[in-house]
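Listed below, chain by chain, are the residues.
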Amino acid sequence: GAVVSQHPSRVICKSGTSVKIECRSLDFQATTMFWYRQFPKQSLMLMATSNEGSKATYEQGVEKDKFLINHASLTLSTLTVTSAHPEDSSFYICSAKSPVGFGYEQYFGPGTRLTVT
Amino acid sequence: KQEVTQIPAALSVPEGENLVLNCSFTDSAIYNLQWFRQDPGKGLTSLLLIQSSQREQTSGRLNASLDKSSGRSTLYIAASQPGDSATYLCALPVTAAGNKLTFGGGTRVLVKP
Numbered sequence: 014g015a016v017v018s019q020h021p022s023r024v025i026c027k028s029g030t031s032v033k034i035e036c037r038s039l040d041f042q043a044t045t046m047f048w049y050r051q052f053p054k055q056s057l058m059l060m061a062t063s064n065e066g067s068k069a070t071y072e073q074g075v076e077k078d079k080f081l082i083n084h085a086s087l088t089l090s091t092l093t094v095t096s097a098h099p100e101d102s103s104f105y106i107c108s109a110k111s112p113v114g115f116g117y118e119q120y121f122g123p124g125t126r127l128t129v130t
Numbered sequence: 028k029q030e031v032t033q034i035p036a037a038l039s040v041p042e043g044e045n046l047v048l049n050c051s052f053t054d055s056a057i058y059n060l061q062w063f064r065q066d067p068g069k070g071l072t073s074l075l076l077i078q079s080s081q082r083e084q085t086s087g088r089l090n091a092s093l094d095k096s097s098g099r100s101t102l103y104i105a106a107s108q109p110g111d112s113a114t115y116l117c118a119l120p121v122t123a124a125g126n127k128l129t130f131g132g133g134t135r136v137l138v139k140p
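If you read the sequences in order, they're chains A and B.
Numbering-wise (my numbering), the first sequence opens with residue 14 and increments by one.
Numbering-wise (my numbering), the second sequence opens with residue 28 and increments by one.
It is worth saying that the hints were derived from the structure and are not from the lab.
A virtual CB, placed ideally from N, CA and C, is assigned to each residue, including glycine.
Among the hints, a few may not be true.
[Stated by the list, open to error] Straight-line C-alpha distance at most 16 angstroms; calculated EDC-like pairs for lysine to aspartate or glutamate:
no., chain 1, residue 1, chain 2, residue 2
1, B, LYS28, A, GLU72
2, A, LYS27, A, GLU72
3, A, LYS54, B, ASP66
[Unchecked claim] Reference excerpt, derived from the structure (chain A facing chain B, CB under 10 angstroms, subset only):
no., residue
4, VAL17
5, CYS26
6, ARG37
7, PHE41
8, TYR49
9, GLN51
10, LYS54
11, THR62
12, LEU89
13, CYS107
[To be verified] Okay, the calculated bits of chain B under chain A, using three or more residues with CB under 8 angstroms as the criterion:
no., region
14, 56–68
15, 95–109
16, 127–140
Starting from the given sequences, assemble the full structure and let the hints guide the process.
In structure tokens:
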């Protein structure tokens, strides 16, 4: 089946620093990947759509200068949280749309827990 | 704007009992519906995807039904096990290309041994 990985799984950083999170599709090429944010006991909130070879599309209210997205290849998208602050602490999950199989099924990574101190 | 609701928010059942999880949506013009499982602190695992032309999908002990006219999907898990304890989420794509997913709030399930 389609597998999506994320790295790191957990990161702690100091306020003001930047953190990069990687999302990889391991066994398929994904022209489109998605970045979500999840607060404790809440559902997922789509932050942006990452398109290979073009600029990401951000959802309303998401600061594009703070959350930099780069879809460098058909198997890799990165999310960089710039000048992180404690309120950026959250669980970040990426997903990739599989071009094979059945009906645009999305496959999700295991998530990255970001803690900003 | 599509709104997705999952009720109840939490459910506790004894082992062996069948689970019935509900997902309601406001706009019946859907393309497909996907059910996910999320374990605490983990990402999402895709369970089943039902196309809009289908009425149900089955995988092992899982069966998902879809009734577009009433705006409902139901996930049935037969003979529940403690390992089924997790949060179950349903999601619908906003467009035919299946890009943006709108998620329900999830149902947190606890299967007691």
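Structure-based check of all given hints:
no. : hint               : result
1   : B:LYS28 to A:GLU72 : holds (15 angstroms)
2   : A:LYS27 to A:GLU72 : violated (26 angstroms)
3   : A:LYS54 to B:ASP66 : holds (12 angstroms)
4   : VAL17              : holds (8 angstroms)
5   : CYS26              : violated (18 angstroms)
6   : ARG37              : violated (13 angstroms)
7   : PHE41              : violated (13 angstroms)
8   : TYR49              : holds (9 angstroms)
9   : GLN51              : holds (9 angstroms)
10  : LYS54              : holds (8 angstroms)
11  : THR62              : holds (6 angstroms)
12  : LEU89              : violated (17 angstroms)
13  : CYS107             : holds (8 angstroms)
14  : 56–68              : holds (count 5)
15  : 95–109             : violated (count 0)
16  : 127–140            : holds (count 6)
The structure fails hints 2, 5, 6, 7, 12 and 15 (numbered hints given earlier, in ascending order).
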